[in-house]
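Number of protein chains: 2
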Amino acid sequence: MAQDTTKQTYVNELGRHADKDVVLKGWLYNRRSSGKIQFLLVRDGTGVVQCVFQKGDVSDELFEELDHLPQESSLTVSGTVREDKRAPGGYELTLKGAQVLSKAQEYPITKKEHGPGFLLEHRHLWLRSSKQHALLRIRSRLVGAIYDFFFDGGYTLVDTPILTPAACEGTTTLFEVDYFGEPAFLTQSGQLYNEAAAAAFGRVFCFGPTFRAEKSKTRRHLTEFWMVEPEVAYMELEGLQELAEDCVSHIVAEVVRNCEKELGVLERDIEPLRKISPPFPRITYTEAVDMLKKKGHDFEWGGDFGAPDETALGESFEKPVMVTNFPAGIKAFYMKRDPEDPRTALCLDVLAPEGYGEIIGGSQREDDIEALQERIREHNLPEESFRWFVDIRRYGSFPHSGFGLGLERTLAWIAGIEHVRECIPFPRMLYKIYP
Amino acid sequence: MAQDTTKQTYVNELGRHADKDVVLKGWLYNRRSSGKIQFLLVRDGTGVVQCVFQKGDVSDELFEELDHLPQESSLTVSGTVREDKRAPGGYELTLKGAQVLSKAQEYPITKKEHGPGFLLEHRHLWLRSSKQHALLRIRSRLVGAIYDFFFDGGYTLVDTPILTPAACEGTTTLFEVDYFGEPAFLTQSGQLYNEAAAAAFGRVFCFGPTFRAEKSKTRRHLTEFWMVEPEVAYMELEGLQELAEDCVSHIVAEVVRNCEKELGVLERDIEPLRKISPPFPRITYTEAVDMLKKKGHDFEWGGDFGAPDETALGESFEKPVMVTNFPAGIKAFYMKRDPEDPRTALCLDVLAPEGYGEIIGGSQREDDIEALQERIREHNLPEESFRWFVDIRRYGSFPHSGFGLGLERTLAWIAGIEHVRECIPFPRMLYKIYP
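These protein sequence lines map, in sequence, to chains A and B. For the first sequence, our numbering assigns the number 1 to the initial residue and increments by one for each residue that follows. For the second sequence, our numbering assigns the number 1001 to the initial residue and increments by one for each residue that follows.
Bear in mind the hints are in silico, worked out from the structure with no lab data behind them. Please note that a few of the clues may not be correct.
[Said to hold, decoys possible] Among chain A residues calculated to face chain B with C-beta under 7 Å, some are:
hint, residue
1, 8
2, 127
3, 165
4, 180
5, 299
6, 397
7, 428
8, 429
9, 435
[Said to hold, decoys possible] Every beta carbon over 10 Å from chain A, so not counted as near; a handful from chain B, in silico:
hint, residue
10, 1018
11, 1021
12, 1030
13, 1032
14, 1128
15, 1270
16, 1278
17, 1295
18, 1312
19, 1338
20, 1344
21, 1373
22, 1377
23, 1379
24, 1424
Glycine included, C-beta positions come from ideal geometry on N, C-alpha and C.
When you get a sec, could you build the whole thing from the sequences and use the hints?
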């Protein structure tokens, strides 16, 4: 492969170089040619630029080479930046020279329709396609907005462990790891550790990969997904709802503000996103059940919502709806019971609008040591493994609350993507771990 | 436990409330009393404030309760903020009222010396101690500085998977996971996936937990640790060195600028940190071997540096030293050989000063498809698992480079901590996975 060491300009910086000569380095994305004039579309990861040249502008040999260059070949192009309102990005390049670095073999992803199996098998290449590129650029910005929200809000990032000795929510959906001959499990949530951290730092969050060995093949399930989880000392359920609506509103606004181009590539109607601001509607689980019954759903008080129920509830509101006070029996052991209705927990689910389902689950935590110990016994959890967790109530117990926001589900909603598998660079699903 | 819903002010905001009445919520950190006057030190995660009151300022009953309140009890205090230059943070609270929320049991961590085993067993409480608190506050700021550096530099965050089908660097140090009946492994590095992402996005980084099942019990080893890994299309080794020195200089400067108080708690001399700016010294492995021999180390060309070697080399410079061109045989299969000296790889290790050892490892990547396939065979790696990785060279190969910066080792250096186990909230080490 030919090497090249000239200074590189990126496509998204061309506006700063109007009428100047630059060197771009990238890959051939598409090409048109009419015998005497060629239009090369070159992408470099930050954008795509059209490079225009005629016979005579470059050597006949190079003209010929470029006229037959396969898609995704890597190349360096040099030329003059010209403003052109019709061009995507507003600029094109009058090409003066080019150097092919590596001629690609026939590229497997073509303009024809490919099935999802084929595309997932070629995920390492599929990332280069314009829609996947746009979607994952939004993901990157969304993550940045999440960090900004919590850092600017005075939160301390406290990374929680991936390898854990005990299960947070049941044991049937855990991935087991051989830890030097002993069983360990991949974390399902950083929450228990967050609670210890909140006692040390007040307001904390963790943000990392979490794992569920669920044998589900729905469009909302991944076995490995990212979750951001704030936990706040001295915060009760009311404060948690304010935090959730502030957080969601902030990150949606940041994406809308910074990712107009990418949302356009995905043909996402952003008008519904512009309506996302506090306050969000608040209903109880009991009210939600009544709504579902009125909509004709066959649903009894006490059960958990399925995807069609979440979709129906979410579609009833223009903003994310916050559902509180689920039956305690279907929720995690660490959630505090509502003293005014002990059948229910002081918990919170946030359902996205437009049918995208649950994006947040959270609660006020049980801070009474005896109540917590009773729950641990009721759930047949190993008391020894939870000794440290109970300690948080032994040494200065305090009201506290937190939630988990699923990154991929939130991205699916914001970007208008039907299946979460596209919302993570390298999805892991049931039996699916390549590439 | 008594509940309380008044608006909370944080200790680190007291400067904005001078001479005003506020409510703080936190834990009793320490107490002095002289019969008629009490001084309570209350911590709330953002800082510690001294609360002063005399007999008669509160009810006799409350005065008595506070006078016997155990350390780490949770409480609400209200009073007037007074500027006091002698107070830590510059403010103290003239206490007017207090409410004990939960009286702590006898706190296991006391002023006497505890062994590391005891402290690690109580890590969930140890986090509350001033030094651990300061250290992990610095970690949080360090992570924020890393995100800022890459986002501001135009990098796209592309999260790489934790669950992987293949090993990146050898198979002896992998944690195996039961993935629905098939073996999978916890990632040791996101690099291979970063290379695919760089072809799609140009400049990318991943930042997440990585795993090494090493049976090492040194002060530099964790089985689970965090690593940030940039990868840049069309960047060669020279550019990688510039990126490394820019990145390290930026994050050190940000910590020094934002964490003066925390570095003070840790008694870290920050003068050596102020010297960290580009350019960093650059030497080759061969020059490093000569240096070691002159220092009396028993070392032969071809071997890898041990911790004492890294320490000796790092101590020879005031800034991190960049060592390039290690023997290819001791480096990973994906590193590009130096065309001018094919015994060596175009690789880069960065060794911290003051004896803290390696903080960065990176390289230019092999971009010749045939050379890469030959290496995969030489290393007896499963060709089928690396098919997608080879594809990156099949469809528009391009020069590219990247590195991994170990978060805990970098934090150990910046904060002046001897053992990396304190540099992560919940350390995982050989046989150690609780809490």
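Going down the list of hints, with the structure as the test:
With 7 Å as the threshold, the beta carbon of residue 8 (chain A) comes within range of chain B, its nearest partner Cβ sitting at about 6 Å, so the hint holds. With a cut of 7 Å, the hint placing residue 127 (chain A) at the interface with chain B holds, because the nearest CB-to-CB distance is about 4 Å. Contact between residue 165 (chain A) and chain B, as hinted, is supported at the beta carbon level, the nearest pair being about 5 Å apart and thus within 7 Å. Given the 7 Å rule on beta carbons, the hint for residue 180 (chain A) holds: about 6 Å separates it from the nearest Cβ of chain B.
The interface hint given for residue 299 (chain A) is broken, as the beta carbon of that residue sits about 31 Å from the closest beta carbon of chain B, more than 7 Å. Contact between residue 397 (chain A) and chain B, as hinted, is supported at the beta carbon level, the nearest pair being about 4 Å apart and thus within 7 Å. At a threshold of 7 Å, the smallest CB-CB gap from residue 428 (chain A) to chain B is about 5 Å, leaving the interface hint in force. For residue 429 (chain A), the interface hint is violated, since its Cβ never comes within 7 Å of a Cβ in chain B; the closest pair sits about 10 Å apart.
With its C-beta approaching chain B no nearer than about 4 Å, residue 435 (chain A) sits inside the 7 Å limit, and its interface hint holds. Consistency note on residue 1018 (chain B): stated as away from chain A, and its beta-carbon is indeed over 10 Å from all of that chain's, at 19 Å minimum. Every beta carbon of chain A lies more than 10 Å from that of residue 1021 (chain B), the smallest distance being close to 18 Å; the non-interface claim holds. Consistency note on residue 1030 (chain B): stated as away from chain A, and its beta-carbon is indeed over 10 Å from all of that chain's, at 13 Å minimum.
The claim that residue 1032 (chain B) lies off the interface holds: its Cβ sits roughly 19 Å from the closest Cβ of chain A, which is beyond the 10 Å cut-off. Annotated as non-interface, residue 1128 (chain B) brings its C-beta within 10 Å of a C-beta of chain A; the closest such distance is 4 Å. Listed as a non-interface residue, residue 1270 (chain B) keeps its Cβ farther than 10 Å from every Cβ of chain A; the least gap is roughly 21 Å. Distance check for residue 1278 (chain B) against chain A: the nearest CB is about 18 Å away, which clears 10 Å, and the non-interface claim stands.
For residue 1295 (chain B), the condition that its CB be more than 10 Å from all CB atoms of chain A holds, with the nearest at approximately 36 Å. No Cβ of chain A comes within 10 Å of the Cβ of residue 1312 (chain B); the nearest lies about 31 Å off, and the non-interface call holds. No Cβ of chain A comes within 10 Å of the Cβ of residue 1338 (chain B); the nearest lies about 13 Å off, and the non-interface call holds. The non-interface label for residue 1344 (chain B) is consistent with chain A: the shortest C-beta to C-beta separation is roughly 18 Å, beyond 10 Å.
Under the 10 Å C-beta cut-off, the non-interface status given to residue 1373 (chain B) relative to chain A holds; the minimum distance is some 14 Å. Non-interface call for residue 1377 (chain B) relative to chain A: holds, since the shortest CB-CB distance, roughly 19 Å, exceeds 10 Å. With 10 Å as the threshold on Cβ separation, the claim that residue 1379 (chain B) sits away from chain A holds: the shortest Cβ distance comes to roughly 19 Å. For residue 1424 (chain B), the condition that its CB be more than 10 Å from all CB atoms of chain A is violated, with the nearest at approximately 7 Å.
Against the hints set out earlier in the document, violations occur for numbers 5, 8, 14 and 24.
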